[in-house]
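This is what each chain is made of:
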Amino acid sequence: MLFKVFPVVELIRLFQILAANRIVGPVKKGEDQHGRSLYDFGVVHDFSDLRLDYTQTIHSAKNYFLPYREDLCSFTVQDGDWHKEVDYGAYAPLVLFGLHSCDINALNKLDKVLLGGRYPNPFYGEKRANMFIVGHSCNPQPYCFCKSMGTDSALRGFDLFLTRMDDLYFAEILSSRAFHLLEQIDCREPDSSEHRRYLDEMEAKESQFVAHVDTSDLTKILDLEFQAPVWKEWGEKCLSCGTCAQVCPTCYCYGVEEHVDMVFTHARKEKQLYSCNLLDFAVVAGGHNFRPESHTRLKYRYYHKHRGFVEAFEESLCVGCGRCGQSCLAHITVPEVIASVRASK
Amino acid sequence: MKTELDFIQPVAGEQFEYSYKAEITNVYPLTRMEKLYQIQLVDPVEREQFIFKPGQFVMLELPGIGDAPFSISSSPVRHGDLELCIRAAGNMTRFLDRVGRGTRVGISGPFGTHFPVEKMEGEDILLIAGGLGIAPLRSPILAVLEKRSRYGQVDIMYGARRPSELLFGYEYAMWRQFDVGLNIIVDREEPGWQGPVGLITELLKQRIADSVPDRFREHTSVIVCGPPVMFRFVCELLISAGVPVEKIFVSLERRMHCGRGKCCRCNIGSTYTCLDGPVFDYWSVLNLKEAI
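Chains A and B, in that order, give the protein sequences. Counting in the numbering used here, the first sequence runs from 1 upward without gaps. Counting in the numbering used here, the second sequence runs from 1001 upward without gaps.
Looking at chain B on its own, in the form it has when it is part of the complex (with noise of 0.2 Å):
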């Protein structure tokens, strides 16, 4: 006699692979190596149900191409309605340069942590960005500036090599408009650039200096992303001037093959970026070896 085993049915996870089918409604070029996707959930339920936090990621998929992890840098007000700013760096974002309006790309997430702008009202807010940090930051700059008056003192600070690799350039004035400090450093200057040149440091000390010491130590919160080295430079004068820890957030960046904490690629330890991060604040990146 012979027994044959029971066949268990499928288990739970039938999410597991799903992404969403979106469409590329739009592409705006940035500036040589950067365009603003605009992505729009096909399904409009789907799109309606499509709820984020700002400083989540989506997981970008282009059939037979790749599937890549970015920022989204539209505000969560919009919902399935989606803008991610992405560089062509490797094989699909270069891939993607080269796909117009129409295409059909699938979106999984909304993944990961978010900036706790909510738990900042009442704060002033200190957004500093360097390079393609602007990415992510565009999401709570865009979501602080939807309720205003909640809060305090609003400064963006942010850092790009040159004049002509700074992103959302059109969108700068708009941003003023909310009564927002908007300062502008550079690397190197080309013809026509009448800002300061130097490193973002330098915007930061200058804020500092021309604060009130107390309230900037005790209602301020600040939200940070750029490349790894900046990260250690800014996070270091700010906890200097007395900015606490926890009040510190950070989103990293690691290479990611599935959002899910599955791959094991984005480990920091046994921390996962995709699902205890991206957004962390410096309190647990202090807790982790080799984070920044």
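Chain A with its partners taken away, still in its complex shape (with noise of 0.2 Å):
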């Protein structure tokens, strides 16, 4: 990896180099009741509208390249017979400006599911091949836990990262294009009091966690868990809402629907993203539901998350971004949840 630095009064320009193509960052939505920042995900036409001091965005990335609606492909009808198109949907490239470590290890969990297997998915793939990301160092929230996660730090799946250093950026460079972007501005070498200085910023960052969850041994403490009473005391508080899955930057499951128009001569099939708290979300043909009670369908989630990922790669799908306990109406967090299981031993 390659490192460089300059002064922030340069990152406007480095913004405008890239204004020719779309650019999204975190934007500021609004307040709360209590006067603090919303921040969201939008497209950013101006550098002055780009809040790169963002605490977290409410929504993950996510919709621009999952998005929440999608065609997966139209049918033209005609005498007895139908033609299938298929279009990705990918035109553009897109550059993500400021996404935190946690948002861009989301991407890497998503491409080990989506971009592997036998049948890597080309809506999603074709997006994240032309993406150009800019990440940016974040200041821990109390309810972030990306630490626990081992998510605080991206090692890739990005272009360039900045981390903040009072008057300075620290960059650090994955990928060619970041170099040659690099090359348009005012930057330099960093040297080794700036190599000490991004230390110690990384470090004063690993003392502000508050949040914090134990994995440790927990795909076991799960699956010896999993007839716990705490699991149906959770389920009791779930609204069954999903509203937790559409702020995840993970979740990505979905489900299809058909359109046909009025004369039928032109249909379309639709993927929507949905969410494993949804009543429905397993039921099948004649009406058996798999998961009927809304613990069970509560427990379901933090099993893929936190074990059937663990197995299937290695990792945990959860980053730690703590959007889901943030947005969530009923007040379930996942530290909670996961300490009330562990505690159950």
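Treat the hints with caution; some may be incorrect.
Said to hold, decoys possible - Computed list of lysine-lysine pairs in PhoX-like fashion (alpha-carbon distance at most 20 Å, straight line):
1) B:Lys1035 - B:Lys1119
2) B:Lys1147 - B:Lys1053
3) A:Lys232 - B:Lys1289
4) A:Lys205 - A:Lys147
5) B:Lys1289 - A:Lys220
6) B:Lys1119 - B:Lys1147
7) A:Lys84 - B:Lys1021
The set of hints was computed from the structure by calculation and includes no laboratory data.
Quick one: dock chain against chain with the hints and give me the complex.
Given below as structure tokens:
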């Protein structure tokens, strides 16, 4: 990995150079009842709208690579026959500007499942291949537990990662595209004192974490506690609304619906992101529901994230961004659920 | 100066949304609820190259109506000349119930794991079906019958709610001609029914009682498909009779929207019923929480 430093004032030039493309980054969306800013990812046209000092966005950036609704194909129906058109929906490159490590790691995890296996998903793959990612350092919030999940720093999955050090940006460069980009602005090699400052920054970040999840032996504990009564307690709280999946950077499950026009000449197959907490997630034709109670669905969500995915890819699917807990209307948070399951030993 | 990023051209996965064009060539009503659809891939080359194994499934698509997984009920030697036994139970299948021969549909697949009938050669075979579970079993039944001499004793046990709900009745005589023990039981009698009434476990208990214990324990492979509750009782009975868990194969049903391990709807933990299943050996089932 190559490193560079550049003055903070140069960032606007970097932005402007990239602005020939669509840039998506954190923007302020409003304020909560306590006057705190609310952020979300959005298309950024003006550098002054880009809020790199953001705490956490409400939604992850997945809407830009795993859209909530997306057409999988369309059909033209004529004379008793049909023709199928498939469009992967990636028309132009996308710059994601200002992703925190958790969201970059979320992409890395999604890559494993969506681009791996026998049937890589081209809808995701094509968008992913046409992405330029600028990461940005963050200040851990009270609900962040990425450190516990091992996702508090990103080792790959970005082009450029910027760590703010007062008046300087310390840049990690992972692609030739990013390398050439930096050639166009005023930057230089870091000296040894700047290396030190960078490591101090990392250390300072480490000490700010409040929330913590003990993941040691978690896969085994989850297997042992599959019938623990504590799941029912959480299930009683859960509203089965699916908000957690909506804001989660790694939830990718979907349902499919087909729509046909009034005269039956055109039809389309649409995918919609779903949530395993929704009542009909596992309903099959004929009406049998494999997970009828809300606690079985909530439990499944935890098993998939923290056990099943670990079994398949040797890492958890959860990145510890804390969004699900922040958005949950029933105040169910991952650190609390896991702590309670561990305690039922 | 502004930099426009390169647009990298399409990535792998061209086949992701590909479906073979197929035509419904015949529809046979089997019972009040189920029909057997003969579906042929239109392109003769694709039809010939469509190779599947017993127990695998396809996604059947009716453009504008829906897309759903169905086990293949026909013999693997027939390649892309498929038979699907379908109950009109959901939106799409109720629509399918009203269409006739000549309808153009989409087929993708074959997907999933299969019953390892080749590895079962030399063994006694027990095929146990409950209700619509006979649909995925008809393919291994036909595959075994086609190479009948390579197998030992072959028994089919089939339970249905009522005699009028029995599927493939017209084929029983043919199956029996291949020296197959076919035993059928129903939950509820109907006028004219002369066979036994009760649960499928009773047939199985009888078969176990009639068997040579060592032969049963060491040389029997079992294929089971039926409603979730049936699996538990049948498999427990088999295990207590000494059949090793890795020689019992089940086919599980789950909701699916892609068949390719991407929609996550059929997951049991992180195991995809579409990729790692639908056919699992019972050892895998024991390792999966909430599988049955």
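Hints and how they fare:
A hinted pair counts as satisfied when its Cα atoms are at most 20 Å apart, and lysine 1035 of chain B with lysine 1119 of chain B does not qualify at roughly 31 Å. Distance hint between lysine 1147 of chain B and lysine 1053 of chain B is fulfilled; the C-alpha atoms sit about 14 Å from each other, no more than 20 Å. At roughly 16 Å between alpha-carbon atoms, lysine 232 of chain A and lysine 1289 of chain B fall within 20 Å of each other, so this suggested pair holds. Distance check on the hinted pair: lysine 205 of chain A and lysine 147 of chain A sit about 10 Å apart at the alpha-carbon level, within 20 Å; holds.
Proximity of lysine 1289 of chain B to lysine 220 of chain A is assessed by CA-CA distance (about 13 Å); at most 20 Å being required, the pair is judged to hold. Distance check on the hinted pair: lysine 1119 of chain B and lysine 1147 of chain B sit about 13 Å apart at the alpha-carbon level, within 20 Å; holds. For the given pair, lysine 84 of chain A sits about 10 Å from lysine 1021 of chain B by alpha-carbon distance, which is consistent with the 20 Å threshold.
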